Amino acid sequence: MEAEKRFLNLENRILYLIDIKGDNIYPGFFELKAKADKLKKNFYQLSSGEILSEMESLEEMLAFYEIKAERDLTPMEIARIVRNPQRFTLRDILDNVYDDYSELGGAGDCNIDPAIVVARADISRKIGNRIYSHQVMVIGHEKGKGEEFRNGGSAKPWGNEKALRYMKVAETEGIPIHIYISTPGAYPIEDYPGSAQQIARNLYEMTKLKVPIISVISEGGSGGAEAIGLSDMRLMLSHGYYSVISPEGAAAIEGKIPEGKKAPKELIDFCAEQLKITAQDSLSLGVVDRIIPEPPLGARKEDDGFFRRLRYEMLRATDEVVLSTKTFRTLRAYSVKRRRKMPIEGEFDVDIRWELSHKERMRLLRLRSKKYRSMGTRFFVDLRHPFKKFMDKASSGLRYFYTEVYFDLLKKHKRSVEKVIEEVSQEGTIALAPIKNPFKSIYTFIKDRFPRRVLRPIDHRLPVNAVADFGEIYVSPLANEDRVITCPNSHTHGCLDLWVPDLYGDLHGVCPNCGHHFPLEYQWYLKTLFDKGSVREFNSHIGSTNSIGYKGFDRKIQGDQKKTKRKSAIITFLARINGIELVVAMLYSNFRNGTVGAAEGEKFVLACDHARALKLPLLAYVHATGGIRIHEGTVGVVQMPKCTMAVREYIDAGGLYIVVYDNNSYAGPVASFLGCSPYQFAIKSSNIGFAGPRVIRETTGEDIPPDYHRADNALKRGHIQGIWDRRTFRKNLYMALLTMGGKNLYYR
Amino acid sequence: MTEVDLHDLLLKYKSHPYELVRIQTPHTGRVEFKVEDGMAISGPKGKWQEIRGTLLYILERQKNPKPMYAPIDGTVVEVQTHLDGAFVESDEYLMSIKHPMNKEEVISKILCELLHIFRAPEKAKYLYSPQLAAKMGDKKEKEVVIQPGDEILIMSRMKRDIPLVYKGEPGVIYRTYFSPTRLVDQGEPLLGICPVEKITSVTRLVQQIHLEWEA
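Here the protein sequences come in this chain order: A and B.
To convert, count from 1 in the first sequence and add 669; that's this note's numbering.
To convert, count from 1 in the second sequence and add 3; that's this note's numbering.
Please keep in mind that the hints were generated in silico from the structure rather than gathered at the bench.
The structure displayed is predicted, hence computed values, not measured ones.
Where is the CB? At the ideal position from N, CA and C, for every residue including glycine.
Do not rely on the hints blindly, as some may be mistaken.
When the alpha-carbon atoms are kept at most 25 Å apart in a straight line, the in silico DMTMM-like pairs for lysine to aspartate or glutamate are as follows [to be verified]:
#1 B:Lys128 - A:Asp1381
#2 B:Lys50 - A:Asp860
#3 B:Lys162 - A:Asp1381
#4 B:Lys48 - A:Asp1171
#5 B:Lys50 - A:Glu1371
#6 B:Lys48 - A:Asp1376
#7 B:Lys162 - A:Asp1171
#8 A:Lys934 - A:Glu923
Sample of chain B residues at the chain A side, in silico, Cβ under 8 Å [said to hold, decoys possible]:
#9 Lys50
#10 Trp51
#11 Arg55
#12 Gln65
#13 Lys66
#14 Lys69
#15 Leu114
#16 Arg160
#17 Met161
#18 Asp164
#19 Arg185
#20 Gln189
Start from the sequences and build out the full structure, keeping to the hints where you can.
As structure tokens, then:
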């Protein structure tokens, strides 16, 4: 019986190695496999001595190959380790790392989304002979223990909503959150609350969640990982991967592989390597804080030693986050640091309480903000001269100082005094009314004897120039072509062919019959949306670069920079609409299809800060965005929480943040800093969504209607608040600023 | 509606169960054929008809090459190959599609012969007039009687809404051929009107067609 068990284990190890190495399996390994098969065939014909000796020899050979395989692991092989069914899942962690747990929000398949598991759990530590227990909220993706309904750990929007709900419960109860990320990506579905919009909501809330959050990445699939991944300490398993897109997806894009066909293996391997998806890569890129070691070829369900280590790492990480918020912590911090250098798993010097005071919570949030704001800051180019840099810094410091003094110090007190005066005056009016009223009646009686002065009605209409549709006369260069064009709705709406100079000239790219909006270049908006000569660009010196050294990307970036005469896919500027000044961040299509990388993220964050400092409204106009830039790997992915953090801080400071989508807006940006806006609008005929039709078909296996991502449907689903016509964009935006911005266009 | 020899009518359709769909140019332009005689082609497919049919020809006018796709399944016949590469007028006959009809299509065709068909006067979108819509709201299908002089439909095109008055004999709306969201070509059937006293016989005839065709 013992020998059979041992042989079964040996066989599993062989299969596991074959799964991981795939076609790269060593030629000599087939000999080992043949020997194992032969032993299996003759297992009951051989004597126990012969079996043992054969098995020992096989185990020795296998161990040799395992060590060799571990040493030669390629990024794609790591991806295969993570996806292997023998790998541990969240339920194994709950069983082995935590002492006890209760699953919340459903159990098994009786669950709003079985791909997300939430549990209230106890985790304990031993100090001397005493056991100290802590309560935590465990949230993570589950793909095993019921694979048929777990959806491969791909969380649906309502699963992410469930995760957020229990994060808030943890915040109310003041207990830390432990997050385990193991997802190939979020399930791309637009039904309410919508994949992108829910991820954005999660990120927005998590930026200021007042409890320590520790996350562990095993399989970090882009937006799906970020949906629950914003944390104070980001740990990564040594055999995990964290990526902006699956290597297969990247290969399909890179190789322009038609739908339904597989990308060549070599291209997938190339992409996996270029995307920098391994734990070591993530650490060197600064997107994770620490790596948790796993046994050779990755931890599996039965690796007790790994679970002990994981328990220790989670305790230590939570301790570190809690201690970082304390003012008086030197010796305890030293103790934790000492353990980090010489880990004695399961042993601690002191029990650190995880409850935080109000001040400590505020410090926690400040540290979280600092952490995310610093991510990716070394992956863009700043083309300014050092002297110019110094001067800019000094002038921006002065400007911030002025606004701080004027708005936060003087105006704040002025408002307080005004409020007191107003209240006293109102009280006085009521108190004096009985004395005043007789005199008032006499005055009214006498006044009515004389002819009345005709009062002029208050004019509520907009200023004349506000209703004018366009700020400046601008004709699109598209209008310079002498040809006709067919409206895509001609077969359903009977639209006649349109002469291009008319369409892009007088008609502003809008079909006069059905109202379809043909795409226009971003310059049209720059020229017509804002007051003449009011656009003043800033931070144009920040440029995109090949941040992760993706082979061949330098050339592409340079090509786009040459073509657009710009350094990145975002333009940030100050502008005016009918005299109202605002800060605008514009993602445009001509530069890498408006994708967001480190430079774009940094410029957006700086735009938020600029608007915050100058107390101006912030408009994010999305001419187009194709998502996070694949060629910047996880440096691009972390722009999602980073920019959301800046937006949250801007809104919390009282800012008015409006997002307007145009053309096509997809993926990461919509699922973070755009989708979190309370005021989102779209220009007619635009598309908004999380994943494109092909990705949806390939991941869900379901077809979608051709108008699935249309703004009209986004409006029906409640993702946006309205649809604007391009020709009335200026007027609508002006009205939105007035109606939503309040008296001062800035709430507080 | 006169006495109809149903058997003869069915025999006619059974002997030639095809519909010949004429393909004509919607406007002037230079034609470039993409199909040949005898080629099997497919119409729009997919749950939402989102997959286009086979590309039949390209019509280019003022540097606007417009691909024209097959509207229906079938076989291409009578391709006017001599027009390939030529500049043609609007409504120029280019080819036909020999489409094998299914049962529903046969019923629809036969009903067109049995009922009084109210056809689209122009290429436009059509919707019920408010009066008729209100009438229909209360009653069951095939119970709404219309009289000559009733405003029955609204023709909507290029921001023009024109009411259409019924001029045929009184009867009930037996079949509706249009959808308010789709554009209807000129001359296409919009409503099938059946005199009240003949509803039973028409319904019986349709049932018989069902049985006869299956047989």
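Results for each hint:
no.	hint	result
1	B:Lys128 - A:Asp1381	holds (21 Å)
2	B:Lys50 - A:Asp860	holds (19 Å)
3	B:Lys162 - A:Asp1381	holds (21 Å)
4	B:Lys48 - A:Asp1171	violated (34 Å)
5	B:Lys50 - A:Glu1371	holds (11 Å)
6	B:Lys48 - A:Asp1376	holds (16 Å)
7	B:Lys162 - A:Asp1171	holds (19 Å)
8	A:Lys934 - A:Glu923	holds (13 Å)
9	Lys50	holds (6 Å)
10	Trp51	holds (5 Å)
11	Arg55	violated (10 Å)
12	Gln65	holds (4 Å)
13	Lys66	holds (3 Å)
14	Lys69	holds (6 Å)
15	Leu114	violated (26 Å)
16	Arg160	holds (7 Å)
17	Met161	holds (6 Å)
18	Asp164	violated (14 Å)
19	Arg185	holds (7 Å)
20	Gln189	violated (11 Å)
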